[in-house]
Amino acid sequence: MNEQPRLELLGISKSYPSVVANDGVDLRVMPGEIHAVLGENGAGKSTLMKMIYGAVRPDAGEMVWEGRQVRIDSPSAARRLGIGMVFQHFALFETLSVAENIALALDEKVSPALLSPRIRAVSEQYGLPLDPERRVHSMSVGERQRVEIVRCLLQSPRLLIMDEPTSVLTPDAVQRLFVSLRRLRDDGVSILYISHKLDEIQALCDRATVLRAGRVAGVANPREETAHSLAELMIGGALPTCSLAPRAPGEVCLELRGLDLPSLDPFGTHLEGIALQLRAGEIVGLAGVSGNGQQELLKAVSGEQAAPRADSVRLLGRDAGRLDAAARRRLGLGFVPEERLGRGAVPALSLAENALLTGYLGESTGMLRRGVVRDKAVAGFAARVIERFKVKCGGARAAASSLSGGNLQKFIVGREIDLAPKVMVLAQPTWGVDIGAAMLIRQAIIDLRDAGVAVLVVSEELDELFMMCDRIAVLAKGRLSRALPVTETSVQQIGVWMSGDFDAAQQAEGANHVAA
Amino acid sequence: MSRLEARPEPSRAMMLASPLLAAAAMLVTGSLLFLFLGKSPLHAFYVYFIQPLTSLYGIGELLLKATPLILCGVGLAIGFRANVHNIGADGQLTMGAVASGCVALYFDGVNAPWVLPLMLVAGALGGMAWAAVPALLRTRFNTSEILVSLMLVYVAYLFLGYLVHGPLRDPAGFNFPQSKMFGDAATLPLLKEGLRVNAAFPLSLVAVLGAWFFCRHAFAGYRMRVSGMAPAAALYAGFSEPKNVWIAFLASGGLAGLAGVGEVAGPLGQLQASVSPGYGFAAIIVAYVGRLHPLGVLLASLLMSLLYIGGESAQVELQLPSAITGLFQGLLLFYLLATDLFIHYRIKPRHPAALLARPTHPPTDMTETAAHES
Amino acid sequence: MSPDYLIAILASTATAATPLVLASSGELIAERSGVLNLGLEGMMLVGAVAGFSTTLHTGSSVLGLGAALLAGMAMALVFAFLVLTLQTNQVATGLALTLFGSGLSAFLGRDLVGQSVAPLAPLHLPLLSDLPFVGPLLFRFDAMVYGSLALVAVIGWMLARTRVGLLIRAVGEAPHSAHAIGMPVVKLRYATVLTGGALAGLGGAYLSLALTPMWVEGMTAGRGWIALAQVVFATWKPRGLVLGAYLFGGVTVLQFHGQGLGVPIPSEFLSMLPYLATIVVLVIICRNPQTILLNKPMSLGQSFKAD
Numbered sequence: 340m341n342e343q344p345r346l347e348l349l350g351i352s353k354s355y356p357s358v359v360a361n362d363g364v365d366l367r368v369m370p371g372e373i374h375a376v377l378g379e380n381g382a383g384k385s386t387l388m389k390m391i392y393g394a395v396r397p398d399a400g401e402m403v404w405e406g407r408q409v410r411i412d413s414p415s416a417a418r419r420l421g422i423g424m425v426f427q428h429f430a431l432f433e434t435l436s437v438a439e440n441i442a443l444a445l446d447e448k449v450s451p452a453l454l455s456p457r458i459r460a461v462s463e464q465y466g467l468p469l470d471p472e473r474r475v476h477s478m479s480v481g482e483r484q485r486v487e488i489v490r491c492l493l494q495s496p497r498l499l500i501m502d503e504p505t506s507v508l509t510p511d512a513v514q515r516l517f518v519s520l521r522r523l524r525d526d527g528v529s530i531l532y533i534s535h536k537l538d539e540i541q542a543l544c545d546r547a548t549v550l551r552a553g554r555v556a557g558v559a560n561p562r563e564e565t566a567h568s569l570a571e572l573m574i575g576g577a578l579p580t581c582s583l584a585p586r587a588p589g590e591v592c593l594e595l596r597g598l599d600l601p602s603l604d605p606f607g608t609h610l611e612g613i614a615l616q617l618r619a620g621e622i623v624g625l626a627g628v629s630g631n632g633q634q635e636l637l638k639a640v641s642g643e644q645a646a647p648r649a650d651s652v653r654l655l656g657r658d659a660g661r662l663d664a665a666a667r668r669r670l671g672l673g674f675v676p677e678e679r680l681g682r683g684a685v686p687a688l689s690l691a692e693n694a695l696l697t698g699y700l701g702e703s704t705g706m707l708r709r710g711v712v713r714d715k716a717v718a719g720f721a722a723r724v725i726e727r728f729k730v731k732c733g734g735a736r737a738a739a740s741s742l743s744g745g746n747l748q749k750f751i752v753g754r755e756i757d758l759a760p761k762v763m764v765l766a767q768p769t770w771g772v773d774i775g776a777a778m779l780i781r782q783a784i785i786d787l788r789d790a791g792v793a794v795l796v797v798s799e800e801l802d803e804l805f806m807m808c809d810r811i812a813v814l815a816k817g818r819l820s821r822a823l824p825v826t827e828t829s830v831q832q833i834g835v836w837m838s839g840d841f842d843a844a845q846q847a848e849g850a851n852h853v854a855a
Numbered sequence: 024m025s026r027l028e029a030r031p032e033p034s035r036a037m038m039l040a041s042p043l044l045a046a047a048a049m050l051v052t053g054s055l056l057f058l059f060l061g062k063s064p065l066h067a068f069y070v071y072f073i074q075p076l077t078s079l080y081g082i083g084e085l086l087l088k089a090t091p092l093i094l095c096g097v098g099l100a101i102g103f104r105a106n107v108h109n110i111g112a113d114g115q116l117t118m119g120a121v122a123s124g125c126v127a128l129y130f131d132g133v134n135a136p137w138v139l140p141l142m143l144v145a146g147a148l149g150g151m152a153w154a155a156v157p158a159l160l161r162t163r164f165n166t167s168e169i170l171v172s173l174m175l176v177y178v179a180y181l182f183l184g185y186l187v188h189g190p191l192r193d194p195a196g197f198n199f200p201q202s203k204m205f206g207d208a209a210t211l212p213l214l215k216e217g218l219r220v221n222a223a224f225p226l227s228l229v230a231v232l233g234a235w236f237f238c239r240h241a242f243a244g245y246r247m248r249v250s251g252m253a254p255a256a257a258l259y260a261g262f263s264e265p266k267n268v269w270i271a272f273l274a275s276g277g278l279a280g281l282a283g284v285g286e287v288a289g290p291l292g293q294l295q296a297s298v299s300p301g302y303g304f305a306a307i308i309v310a311y312v313g314r315l316h317p318l319g320v321l322l323a324s325l326l327m328s329l330l331y332i333g334g335e336s337a338q339v340e341l342q343l344p345s346a347i348t349g350l351f352q353g354l355l356l357f358y359l360l361a362t363d364l365f366i367h368y369r370i371k372p373r374h375p376a377a378l379l380a381r382p383t384h385p386p387t388d389m390t391e392t393a394a395h396e397s
Numbered sequence: 078m079s080p081d082y083l084i085a086i087l088a089s090t091a092t093a094a095t096p097l098v099l100a101s102s103g104e105l106i107a108e109r110s111g112v113l114n115l116g117l118e119g120m121m122l123v124g125a126v127a128g129f130s131t132t133l134h135t136g137s138s139v140l141g142l143g144a145a146l147l148a149g150m151a152m153a154l155v156f157a158f159l160v161l162t163l164q165t166n167q168v169a170t171g172l173a174l175t176l177f178g179s180g181l182s183a184f185l186g187r188d189l190v191g192q193s194v195a196p197l198a199p200l201h202l203p204l205l206s207d208l209p210f211v212g213p214l215l216f217r218f219d220a221m222v223y224g225s226l227a228l229v230a231v232i233g234w235m236l237a238r239t240r241v242g243l244l245i246r247a248v249g250e251a252p253h254s255a256h257a258i259g260m261p262v263v264k265l266r267y268a269t270v271l272t273g274g275a276l277a278g279l280g281g282a283y284l285s286l287a288l289t290p291m292w293v294e295g296m297t298a299g300r301g302w303i304a305l306a307q308v309v310f311a312t313w314k315p316r317g318l319v320l321g322a323y324l325f326g327g328v329t330v331l332q333f334h335g336q337g338l339g340v341p342i343p344s345e346f347l348s349m350l351p352y353l354a355t356i357v358v359l360v361i362i363c364r365n366p367q368t369i370l371l372n373k374p375m376s377l378g379q380s381f382k383a384d
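Residue numbers (our numbering), protein chains in the order written: chain A, 340 to 855; chain B, 24 to 397; chain C, 78 to 384.
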C-alpha cells in the first residue's frame, strides 16, 4: 500500500557562523509511525526539529506536508499544520499554573478557567493525569513533561515531535510514557522521537533515521538492527569502551556528613542528610535526573555555597563546609562544572585569561606575584593545557566563546587536571561534547583515578557512569542513597532508586554509617 | 533584506572605531541642530569645537575642565567593569569638596606646606566615606547601589547648601551662600601663570596610569572584570563579590573626592552652593565612551571637556543656549550604545539558499557549540 | 494651628504622591515584562516641559497632558529601539536616557522659566466634596489623582486576569520560553516600555501642571529614581505602589511644612527626608534575599535575542 508520507524533508540544510548543523538532510515520516531520529550529541537533531517546528528557518531544502510543499515560518504556522513539539528543556513558566501555562501556548485564545476541564479530560485519556490549578514550580520534572505533552495534545496534532523526552525521566516513568505514545500512534498520530538511547528506540520505534555530523548516515528498522549496528551508524565506527583495572581505594579524601542544605533558588531542591565517603583512587558516580539536588550538592562541595555546619563537608581531613571555593582549591579540590560558558569559563576572555580563573590557586603555576598577574606564566600554562589535551583552537589568545563545546570542555577539564588536585569533581563531563572529546575526557578521568585522585562524577547518563565508575549512588529528591560497587548493582536497580525509592535502611545515614 | 548576524568573536576593530563613529555622529547631529537654531553650521561648529583649541588659554581651560572628568571617569570605569554602578559620583565629589573645604577654613591663616596635602587626603576620605554607604548597603543588605548612591547625591547637595547658607557662610560675603575664599596655602598651584589649570591635572594623569596598571596587571583588576562579565564564573573561582563592590566604591569615591578638592581649591577657590555642573554624571558618559579603559577615559574626558567649553563660548558668541551641552552629552552616549552593536553583530545581506557559509572547523570535528545545543 | 490647615496638609499628600503613582505604575508594567528602564527621570522631565509648554501656548491642560504623554512615549521609543532591537545594555541605555532627557528638557524649557499656567482644576463631586472634614480631605482633588488610583486598580486587574497580563508575566519570567511558544516577545516589550514612557510623561506633567505649576530645570529632583525604588518597595505588585507613593507623599509634605509646623530642623535637612526615606525603605525590602528572588521578574534587565 503506497501511503503518502505525513512529512517529508528533502535536502534540508542549516548553518551557523562556526558550524554546519544540518547538511542535505532527507527524512520521511509516515502516518501512525513512531520514527526515531538518532544521533550523538551535536549530530544536528535539535536544529532539524527546530526547523520542522518553525522556530528556525532552513538555509536550503524543501518540506512537504501531507503531499503539499510548505514553508514553516513560525511555531504557530507549524501548529496550524498540525505539528506539535515537546521540548527537551521545557518552555514552562514556573510562577504560573498548569492551566495558565497551557492557555498561553495555545493559539486559540481561551481563558485558563475554560481550559481546565479539557485539560483534565485529555490528560486522563492518555494516562498523563494533571491538576490544572497547580503551579508549575511545585511539580516534578516528570509531571512537567506531562504538562508539555498535554499542551500539544489539546491541539490535536498529527505529528508530535519529542526531543530527548526520557533524559529527565526515571525508568518506570519512561515506561508509562511509552504506553501513552503507543496509544497516540494507534490513533494515527505520527511521532518523531529524538534520542540517542538505543535501547529505548529499539523498544518503541518503527523506523529510525540516523544523523551523524549534520548528515543522514542511514535509515533503518531499529528492531532489525542490533544496538551495535545502530551505534556504528551513529558514530561511524566501533563502540568505544573503557575498562577499569581493579584498585584498592585509599584513604577518605572527601566526606559529606549529615549535610542539610536549603536551596538558594526558590524553586530548587533542598538537600537532606547527605552522606558520602570518597576515597583516593576511586571514581564514584552520582546518578540522577537533574532537578533532584545536583546543583545544590555540587555548590556545597565546590564551596560556591557555604554549608550550615563546617564539619558537614570534610576535605582531606579538614572541616571545609564554611570555606569558599578558592580556599577549597588550595586544599586540593578541582571542579569542572556543568556550565562551560559563564561558569567554567568566561566566554569573552581568552583561553589564557581563562586559565588564570582557577590557575592562580595552583601551587606551582606561578601566575601571581604579590597581587600582580604574570602574563608569561599564565600563557605558558594555557599553552601546555592546549597541547596536552589536544584542544582545537586559535591558540591561547582565542576567545573561549570561539571554541566548540567539546574543545572548550577539554580545556576546562585539562586546566583542572593540570592543577594537580587530590579530589576532582565533575558535573556532566561529556554533555554536548563530540564523541572524540568525550572519549578523551573519560580516559583522562580514569587516568586521574589510577594516579590516586579521588573522583566524583555527577551525570545523567547511566551508561557513562556504569562504564567509568567504581561505585554508584543515586541523588533523588534531595536525598543521597548508599554508594554501591558497580559490580553489585544494575541499571534496573539504579533506575528504581532514581524515583526516590531507596528506603531508610538503604539510605546512608549521617555520622554513624559508613557507606559501602 | 539584510539582517543582523552574530559574530563568532567580538570585533576588535569595531571596539576602537565605535567611539569615533559615535563622536562623528554626534557632531553631524550637532551641525543639524545649529542649522535648526538658525546659525550657520560651519561657523557654529568652529566656535564650538575648534576655537577653544586655538589659544593657550583655551587649552588650559580644556585641561582644567577635563580634570574632574578624568578623576571621576577613571574610578567609575573600574567599577562598571565589575557591574558595580556608582551613579553617585557627583555626591562623592561634593562631599570631598566639603571635607577639604572644612580643612581649608579650619586652618585659615595657617601658611604651612602641609595644608594642601591634608586637604587632598580629607577630600579623598570624604568621597570614600560617602561612597561607603552604598557599598555597605549593597554588600550587607542587597540594596541596589544605583538607587542608594543616587539618593545620596541629593543629600550631599543639600548638605553643602546647608553649610554655605549657615555655618560656613562668609560673614563678609554680603549674605551670598558661599564660604570665605581659601588662602594661598589652601589653593592648588597653577601649572602656568595666566592659565587656570592647576596641579590637579597632573594628579589626574597619575590616576590614569594607576588605573591602567590596576586593570591590566593587578589580579584585583582581573577579578573585577570577571565578576562583571560572568558572576557565576567569579563565584566558581572563589572571587569575593563584596570585595569587588568595596574596591569599586572606595576607588571611585576617593577619586571623585579628589575631583571635588580640585574644584574648590582650584578655579572656585571657595565653597559655593554648587561645586559641580554635573561632572559626576558626565563622568558616566565619559566612562562608557572611553570603553571603560583608562586611556579611553582620558580621551573621552577631553572630548567632553570640549563640549563644556564650546558650550560656554557658543553661549557668549552665538547666543546658543547653554543647555545644548547636556543635549550633546546625552546624544553622544546614545550613539555610542548604538554603534557598539557592531562589535558583536554584523549586517549580513540575506543569501539565496544556494550559498552556504563554509565551516570553520574540519568536517570530522563538527559539533554544535553549547549555545546551539537544543 | 487650625484644623483646616491640618486637613490641607494631609490632603496635599495625595498631590505629592500622584506623580509617583503614575511614573511607578508605568515602570512596573515595563519591569514585569522584563525591561528595566532607568530613564524614568529623563522621561518625566521631558513630559513636564512638554506638558507645561503646550498648556502655556494653548491654554488647555488636557492638551498639555496629551503632549506630555506623547513626549514620554517618544523618549521611551528611543530607549525601546536601542534596548529591544539593537540589544544595548539596559542599564547604560537607561542612564543615557536620563542624561539626555535632562539635557533635552533644559534645552526645550529655556524660555519657559518664570512663566506660569493655571493649575489643574480640582473636581467638585456632588455631595462628597461638601462633607465636613472628609470632603476637603478626600474629595476635592483634581481628576488625575483619582485617575491615578483607578489606573493602579486597572493594572492590577489586567496583570492577574487578562490574557495580556498573562503574556506580560510570562515574558517577564522567561522570554526565551515565551518566544519558543510563539509569543511576540519584542512587540510586547515595545508596548510595555511605551506605556511606561507615556505614564512617566504624565507623571512629570503633573508636577509642572498641578503640583507646582511652573517649569524649572531639573524640577523632578530625583522623583524618577524614587519611582524606580518604589517598584522594588512594592515587590512588583501594583497595590504596593499606592502605599509607597503615599508614604513618600507624606514625607514630602512633612518636608514642605516642617518649618511652618515649628520643627526646629534646618530646611535643608528636612529636604533630605524623602531621599533618606527611600534608602531606608529599600534596605527594609531588600534585606531578605528571598523577598526579591520570589518577586522580581526573572528576566529583568537581561537582553533577549530571538534566534
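Honestly, the hints are just simulated from the structure, not real lab data.
These numbers were taken from a predicted model, which means no experiment stands behind them.
Don't be surprised by glycine CBs; every beta carbon is placed ideally from N, CA and C.
Any given hint could turn out to be false.
[Stated by the list, open to error] Some but not every residue of chain B turned toward chain A, in silico, with C-beta under 10 Å:
1. 28
2. 155
3. 159
4. 163
5. 165
6. 242
7. 259
8. 263
[Stated by the list, open to error] Not close to chain A: a few residues of chain C, all C-beta gaps over 12 Å, as computed:
9. 196
10. 206
11. 214
12. 233
13. 243
14. 247
15. 248
16. 289
17. 332
18. 333
19. 337
20. 354
21. 371
22. 372
Here is how each hint holds up against the structure:
For residue 28(B), the interface hint holds, the least distance from its beta-carbon to any beta-carbon of chain A being 7 Å, beneath 10 Å. Because the beta carbon of residue 155(B) sits about 22 Å from the nearest beta carbon in chain A, more than 10 Å, this interface hint is broken. A least Cβ separation of about 21 Å between residue 159(B) and chain A goes past the 10 Å threshold, and the interface hint is therefore violated. For residue 163(B), the interface hint is violated, the least distance from its beta-carbon to any beta-carbon of chain A being 16 Å, above 10 Å.
Taking 10 Å as the C-beta contact cut-off toward chain A, the hint placing residue 165(B) at the interface is violated, the least distance being around 12 Å. Interface restraint check: residue 242(B) against chain A, minimum CB-CB distance 5 Å, threshold 10 Å, status holds. For residue 259(B), the shortest C-beta to C-beta distance to chain A is roughly 5 Å, which falls under 10 Å, so the interface hint holds. Of the supplied interface hints, the one on residue 263(B) holds, with its beta-carbon coming within about 7 Å of a beta-carbon of chain A, less than 10 Å.
Its beta-carbon lying about 43 Å from the closest one in chain A, residue 196(C) satisfies the requirement of being farther than 12 Å from that chain. The beta carbon of residue 206(C) sits about 40 Å from the closest Cβ of chain A, which is more than 12 Å, so the claim that it is off the interface holds. The beta carbon of residue 214(C) sits about 39 Å from the closest Cβ of chain A, which is more than 12 Å, so the claim that it is off the interface holds. Non-interface call for residue 233(C) relative to chain A: holds, since the shortest CB-CB distance, roughly 16 Å, exceeds 12 Å.
Look at residue 243(C): its CB is around 6 Å from the nearest CB on chain A, not clear of 12 Å, so calling it non-interface is violated. With a least beta-carbon separation of about 5 Å from chain A, residue 247(C) fails to lie farther than 12 Å from that chain, contradicting its non-interface assignment. Its closest Cβ contact with chain A, about 9 Å, brings residue 248(C) to no more than 12 Å, contrary to its assignment away from the interface. A cut-off of 12 Å between C-beta atoms confirms that residue 289(C) is not in contact with chain A; the least separation is 41 Å.
For residue 332(C), the shortest C-beta to C-beta distance to chain A comes to about 38 Å, beyond the 12 Å cut-off, and the non-interface label holds. With a closest Cβ-Cβ approach of about 41 Å to chain A, residue 333(C) is found to remain outside the 12 Å limit, as its non-interface label requires. With 12 Å as the threshold on Cβ separation, the claim that residue 337(C) sits away from chain A holds: the shortest Cβ distance comes to roughly 48 Å. Every Cβ of chain A is farther than 12 Å from the Cβ of residue 354(C); the closest lies at roughly 29 Å, confirming the non-interface assignment.
Chain A draws residue 371(C) into its interface by the beta-carbon criterion, the shortest separation being 5 Å against a cut-off of 12 Å. Against the 12 Å criterion, residue 372(C) falls within the reach of chain A, whose nearest CB is about 9 Å from its own CB.
The structure does not agree with the numbered hints 2, 3, 4, 5, 13, 14, 15, 21, 22 stated previously, though it agrees with the rest.
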